[in-house]
Amino acid sequence: MSTVLIIGATSAIAHEASRRFAVEGARLLLVARNEAKLQANADDLMARGASSIDTFILDANDFDRHAALMEAVHSTFPNGLDHALLAYGTLPDQTEVAADADAAVDAFTTNATSVIALLTHLAGLFEKQERGAIAVISSVAGDRGRPSNYVYGAAKGAVSLFAQGLRARMAKHGVSVTTIKPGFVDTPMTADIPKNRLFADPADVGARIHKAMKKGQDVVYIPAFWRCVMGVIKAIPERVFKKLDL
Amino acid sequence: MGKPTAASQRAFQSWGRYPKSEPTRIVGIQDRSSLPEFAGGKSTVLAYGQGRSYGDVCLNNGGTLLSTSALDRFINFDPDTGLLRAEGGTTLADVLVQTVPHGWFLPVSPGTKFISLGGAVANDIHGKNHHVAGTFGRHVTQFELVRSSGERLICSPDRNTELFGATIAGLGLTGFITWVEFQLRPIESDQIDMTTTRFRSLDEFLSLSEAANEESPYVVAWIDGLRAEGRGLLMQGDHAPAGPGTSLPSTLPTRKARLSAPFDAPGWLLNPFSIRAFNTAYFRKQIARVKRTRIHYDPYFYPLDAIRDWNRGYGKRGLLQYQCVVPFDDSNATVRELLSRIAGSGAGSFLAVIKTFGDIPSPGMMSFPRPGITLALDFANKGERTIRFFHSLDAIVREAVGAVYPAKDACMSGESFRAYFPRWEEFSTHIDPAFSSSFWRRVTS
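Chains as they are written, first to last, in our numbering: chain A, 314 to 559; chain H, 14 to 458.
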């Protein structure tokens with residue numbers, strides 16, 4: 314049975330992906346900040362058929378503890394790790410990060426720097442194993458900088474670019490790296506945004522991530538139409554784009 | 014986070030799509046450890062699960078709805094004993110997917126699996142096995158109720174017994190149900206052995222039903238609502254034993270709705286002629302008087318779940334359902350009178366159901382089922398005309414000391430409600446001051 318590491322396991326999308334692994338009888342190591350929420354998700358996955366669940370409390374911005382997490386991965390799964398999903402992130406208030414440098418750096422640290430650090434740790438592990446699948450949740454927001462969301466977008470763009478390079482490096486070792494680019498998803502992260510038809514259901518997004526990891530896909534837009542939408546948005550010349558209010 | 018199961022749910026309406034409701038605020042409850050301050054807001058609150066009740070018990074017009082669709086985690090499932098504890102927003106569909114492979118089935122199941130556990134408790138739902146199993150509330154071992162004071166209370170037949178009795182069938186008014194623990198029933202396969210018997214009169218139904226209640230745990234009948242004599246098909250069923258050709262599913266299938274009603278049907282589609290044609294065809298499709306079949310539990314219990322958004326078939330104005338129960342009496346004159354009124358109105362629908370309730374009491378003080386005959390019919394909403402017609406049925410049901418089911422109701426008067434639920438005053442002392450619903454305001458104003 315497969316072994317799975319989920320970082321950011323209390324995110325709605327990550328939990329739905331975890332459920333897909335659990336019903337297959339996977340063994341999971343769940344990582345998140347909030348112990349009560351993490352335990353509730355662990356119980357759910359256990360009741361749904363997971364073979365074993367371990368938990369690890371971590372604030373991803375606590376870089377000093379990344380090594381301890383890697384040790385926990387080794388001791389929990391001494392025979393190797395099959396799947397790793399990095400799924401945490403925060404959606405900063407653009408007005409705040411546009412004016413406050415500390416807030417901008419914090420948002421970037423959470424959404425990009427810490428992800429890059431954890432991916433680097435994981436790359437070493439997977440490279441040695443010569444097998445496995447890594448997936449990281451980026452965003453369509455990372456495809457082009459927009460005035461309404463460029464700090465978050467820059468962080469996600471950094472993650473996408475980093476993952477792209479890592480993918481080429483890991484391909485030589487039989488390890489897949491999947492960049493997940495969801496559009497709008499109806500989760501706590503977007504609780505304050507009025508919902509329209511563009512919002513995807515986290516259960517669908519989680520199922521799609523699970524499938525992409527199993528197949529070792531490269532870049533996955535969820536839902537798929539975002540690939541076309543972002544293709545158009547990326548194609549708009551800068552002199553036009555800067556006049557648009559996106 | 015569970016998927017919304019219907020278009021009406023995404024719009025925070027009820028299944029009948031009447032009355033229309035505009036909550037001022039929707040709060041998505043994400044996990045059971047951190048709940049919002051119910052009493053902090055200026056408006057009243059009400060939990061909203063899957064929105065499968067027909068009328069306004071799940072609505073809080075002008076108030077706040079606490080959406081529970083993300084509150085869908087299992088907390089504990091023991092495959093040896095069949096005891097399940099799960100968060101209040103968990104759907105019965107989700108429960109079945111997890112427990113059937115282990116040989117456990119719902120103790121009581123309504124006509125759709127797309128309802129939440131919280132809703133099952135709050136409406137104290139019943140099913141085809143009421144004569145042997147009673148209501149859902151009877152199988153609840155405990156639940157957690159969060160009051161607007163911040164108190165978290167475990168309610169069971171032994172603890173906080175008054176709130177236990179008030180919350181089961183309490184229409185969500187006594188507080189917020191974070192989780193429910195209940196006992197599943199064992200099964201040996203996922204198949205149902207079913208026998209369908211044709212009947213041509215109410216008397217024939219009653220004698221068939223009496224015999225079937227002795228033989229089978231599941232008994233229900235379809236009745237032709239356009240004919241006063243009460244012709245129909247009685248369907249009795251039981252879980253098939255393990256054996257050649259039957260077993261428990263080993264994998265975990267996700268059965269998707271194959272059909273859906275993507276838009277509102279025009280209002281003229283359901284008319285006395287089309288319904289009459291359907292009912293006659295349905296009654297006659299079975300040539301033999303008695304027919305035996307074996308089918309999967311899903312089409313047996315939830316035939317309409319295969320058609321997503323079937324409520325849209327009743328057009329923009331939605332549908333109204335009338336479900337009542339009247340006590341048995343010597344000649345069952347009340348049911349005859351109801352059937353003749355319904356047939357006379359010419360408005361009866363495809364989906365008319367008749368069943369006898371047994372005498373197993375519910376722990377819920379406001380529970381709807383009581384010994385007698387229950388009738389349930391869908392009607393296209395024709396506005397005032399339909400409502401007036403329902404009130405004329407109410408007069409008959411009140412006279413017979415029967416009751417109408419709040420979970421399906423959008424029309425009953427306060428006077429009728431108080432007659433149907435004589436313990437309403439005692440119940441109202443247990444209502445949480447921060448909680449209210451469109452239904453409650455309607456029947457108590």
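It should be emphasised that the hints constitute simulated quantities derived from the structure, not laboratory data.
Treat the hints with care, as some may be off.
[Stated by the list, open to error] Reference excerpt, derived from the structure (chain A facing chain H, CB under 8 Å, subset only):
#	residue
1	R333
2	A436
3	P507
[What the hints assert, rightly or not] Heads up, simulated DMTMM-like pairs for lysine to aspartate or glutamate below, C-alpha to C-alpha not over 25 Å straight-line:
#	chain 1	residue 1	chain 2	residue 2
4	A	K350	H	E164
5	A	K350	H	E194
6	A	K350	H	E35
7	A	K556	A	D406
8	A	K508	H	E397
9	A	K508	H	D44
10	A	K508	H	E428
11	H	K33	H	E397
12	A	K508	H	D322
13	A	K508	H	E223
14	A	K350	H	E50
15	A	K350	H	E157
16	A	K350	A	D372
17	H	K33	H	E194
18	A	K350	H	D44
19	A	K485	A	D558
20	A	K528	A	E443
21	H	K33	H	E412
22	H	K329	H	D93
23	H	K298	H	D343
24	H	K304	H	D277
Here the structure is a predicted model, which is why all the values come from computation and not from measurement.
The beta-carbon is built from N, C-alpha and C at its ideal position, and this holds for glycine as well.
Against the structure, the hints:
Interface restraint check for R333/A: the shortest CB-CB distance to chain H comes to about 10 Å, outside 8 Å, so the restraint is violated. A distance limit of 8 Å between C-beta atoms decides the matter here; for A436/A the minimum to chain H is near 31 Å, and the interface restraint is violated. Contact between P507/A and chain H, as hinted, is not supported at the beta carbon level, the nearest pair being about 10 Å apart and thus beyond 8 Å. Simply put, K350/A and E164/H have alpha-carbon atoms about 19 Å apart, close enough for the 25 Å limit, and the pair holds.
The hinted pair formed by K350/A and E194/H meets the criterion: a straight-line CA distance of about 19 Å does not exceed 25 Å. Using a Cα cut-off of 25 Å, the hinted pair K350/A and E35/H is violated, with the two alpha carbons roughly 31 Å apart. Proposed proximity of K556/A and D406/A is supported: the alpha carbons are some 22 Å apart, at most 25 Å. Simply put, K508/A and E397/H have alpha-carbon atoms about 34 Å apart, too far for the 25 Å limit, and the pair is violated.
This hinted pair checks out: K508/A and D44/H have alpha carbons roughly 20 Å apart, not beyond 25 Å. Between K508/A and E428/H the alpha-carbon distance is near 40 Å, which puts this suggested pair outside the 25 Å criterion. The straight-line distance between the Cα atoms of K33/H and E397/H is roughly 15 Å, inside the 25 Å bound, and the hint therefore holds. Between K508/A and D322/H the CA atoms are separated by roughly 20 Å; this keeps the pair inside 25 Å, and the hint holds.
Distance check on the hinted pair: K508/A and E223/H sit about 51 Å apart at the alpha-carbon level, beyond 25 Å; violated. Using a Cα cut-off of 25 Å, the hinted pair K350/A and E50/H holds, with the two alpha carbons roughly 18 Å apart. A hinted pair counts as satisfied when its Cα atoms are at most 25 Å apart, and K350/A with E157/H qualifies at roughly 17 Å. With a CA separation close to 14 Å, the supplied pair K350/A and D372/A stays within the 25 Å bound.
Our distance criterion of 25 Å between C-alpha atoms is broken by K33/H and E194/H, whose separation comes to about 33 Å. At roughly 7 Å between alpha-carbon atoms, K350/A and D44/H fall within 25 Å of each other, so this suggested pair holds. Our distance criterion of 25 Å between C-alpha atoms is broken by K485/A and D558/A, whose separation comes to about 42 Å. Taking the CA atoms of K528/A and E443/A, the gap is near 16 Å; set against the 25 Å cutoff, the hint holds.
The suggested pairing of K33/H with E412/H is violated, with an alpha-carbon distance near 31 Å, which exceeds 25 Å. Note on K329/H and D93/H: the hinted pairing is violated, with a Cα-Cα distance of about 47 Å set against a maximum of 25 Å. Proximity of K298/H to D343/H is assessed by CA-CA distance (about 33 Å); at most 25 Å being required, the pair is judged violated. At roughly 35 Å between alpha-carbon atoms, K304/H and D277/H are farther apart than 25 Å, so this suggested pair is violated.
Of the numbered hints listed earlier, those contradicted by the structure are 1, 2, 3, 6, 8, 10, 13, 17, 19, 21, 22, 23, 24.
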